[in-house]
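**Student:** Sequence:
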Amino acid sequence: MGGQVPSVENTSGSTRATTAAGALFRCRPHDFGGAFVIAATTGTVRVDRQVFWSALLLIGVICVPVMLAPERGQQALDAVLGLLTGKFGWLYLWFAAAVFGFLIWLACSKYGRIRFGAQQDRPEFSTLSWMAMIFTASIGGGIMYWGVIEWAYYYNDPPMQMTPGSVEAAHWAATYPMFHWGFTAWGLFCLPALALAYVYHVRKQRTLRLSDACRGVIGDRADGWLGRLIDVLFIFGLVGAAGTSLGLEVPVVSDGLARITPLQQGSVLDVMVITVWTLLFGASVFFGLQKGLRRLADVNIWLAFGLGAFILVMGPTVFVIDTFTNSVGLLFQNFVEMSFYTDPVGGSGFEEDWTVFYWGWWISYAPFVGLFVARISKGRTIRGMISGMCLAGSAGCWVSFALLGNTAMFYQISDVLPVAEIVSSQGDTAGIMAALSQLPLGGVVVAVFVLLVVLFLATTLDSSAYTMAAVSSLELPRGTEPARWHRVFWAVVLAGVSIVLMYVGGLEALQTLSIITAFPLIFVLALVLESLRRWLLADQRERDRSGDAETEVGAATAAVETTPADSTAAEGTVLARAPSAAIPRNGA
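Under UniProt numbering, the letters of the sequence shown match residues 1 to 588, in that order.
These are computed hints drawn from the structure, not numbers from a lab. These numbers were taken from a predicted model, which means no experiment stands behind them. Hints may contain errors.
What the hints assert, rightly or not - Derived BS3-like pairs (lysine-lysine); straight-line CA-CA distance at most 25 Å:
no.: 1; residue 1: K378; residue 2: K110
no.: 2; residue 1: K204; residue 2: K110
no.: 3; residue 1: K204; residue 2: K87
With the hints as constraints, model all of the structure from the sequences given.
**Tutor:** And the structure:
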């Protein structure tokens, strides 16, 4: 879920593909005739033709077969995804836990005080706007969609050999969403954000791409075909993830509109919804960070506060708070077990179907979120970013699940409305709308909910288009933004891909492909982690050396100043002991 966002990387799965990509990206920018030069908000921004055209080509090459044969494509991708999650699920679990552990160490260490930028730099956005942009861009409409009904899946098919529909299953059904959308997920988002913010704002790298975040390990290869490949695959992965989100949430908005207006649900209404959505986030992208995305995120978050307060007051208040409290206790008590739960003996498949799947989804989205957050985080500290994302981001998700999910669960266990059965038999959208309609002023609640889904996803797509434009720009000097036409172009691409795939039935295949890219991204993010660690240690050694030199100079200067003016021998002795840097020059 930024103005000068870097690029996200996904690695190719086959040697042949890597070799072919190497032949394509081995050229330098001038080999393709240079770059477009476009006037931006301030200064000029050049479009990287290698990344721009190669990304479009890859999107076409992958999407066209999916459009022509969606069922066969889905079967093949499901087989690959099953292999990765079944055979390498442990790798996802260990990697996610390692990232979270690294962030805890980093936040508690002396490096947590490091500021992104100069020491006198202050944040470009207020803390509320900063957190609102991160939350809405990272989570999007997904939290609204799954917040209402994710518990129902765990209730019907619980983990740890529990009985479906039991009291124990209900307790864990309210807890697992908080785990899957909590500390670990936001930790995966935070890692690339830290590395990119550091390399861009502290080390003054003129580009903002994920390949730059690997530079501490791969060196100048970040400027070669490997870096280009990473950038291109990032754009493709983001098109898949964001396009899938748009396509999946169109039915929710259409269903809601059909319930509160005379409009009939169908393909015409779906097209109308996507058109309005495209105009909304396209306009936000056009106006940029300050006038567009920030204002959209602010409106979004205040509207969410209003809906949440209404549900808390008018809904089953005590049950919502009690269940939330119980879930927090279960989560903290069992966090380590949940993080490493694989069920090797029972073989339920819960870990592969949910935890590994979610970690893969967050990993596939992490580079995009990192690029965006890095762009908007100048003036903040490492500790502030970690706490803002991992603590505040998790808290926002927890409250959303508590208000939406626990309310729907109350209707289930009190026999007011069989939400879990509706989800199982009629689908997610039917379950969401049935639960919301049960609240007082149900029609108004549905209308506000639909508006929130539109705004949440518009913010996600806005930042996605902004990010892709930034990644396919050669340089983004501080204070500049990608060209407006460039930002709007990627917004149209996102909408076009989602419309076509939604109607040919290829969205699920594209979503699966996006998650498959998370497997090579594990190794890329490992490079990001190691690069950040090396930079922090190297820069700290440099600061220590500078501090020691300044201390020696200060001591020598003080000694000279306290030496009697007529004592030439004593002065010579002092200067002989002083380092060369302390010797006055030009008679000074």
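**Student:** Each hint: holds or not?
**Tutor:** A quick look at each hint next to the structure:
1. K378 / K110: Roughly 19 Å separates the two Cα atoms, so the pair holds.
2. K204 / K110: Status holds; Cα separation ~21 Å.
3. K204 / K87: Not satisfied, since the Cα-Cα distance of roughly 41 Å exceeds 25 Å.
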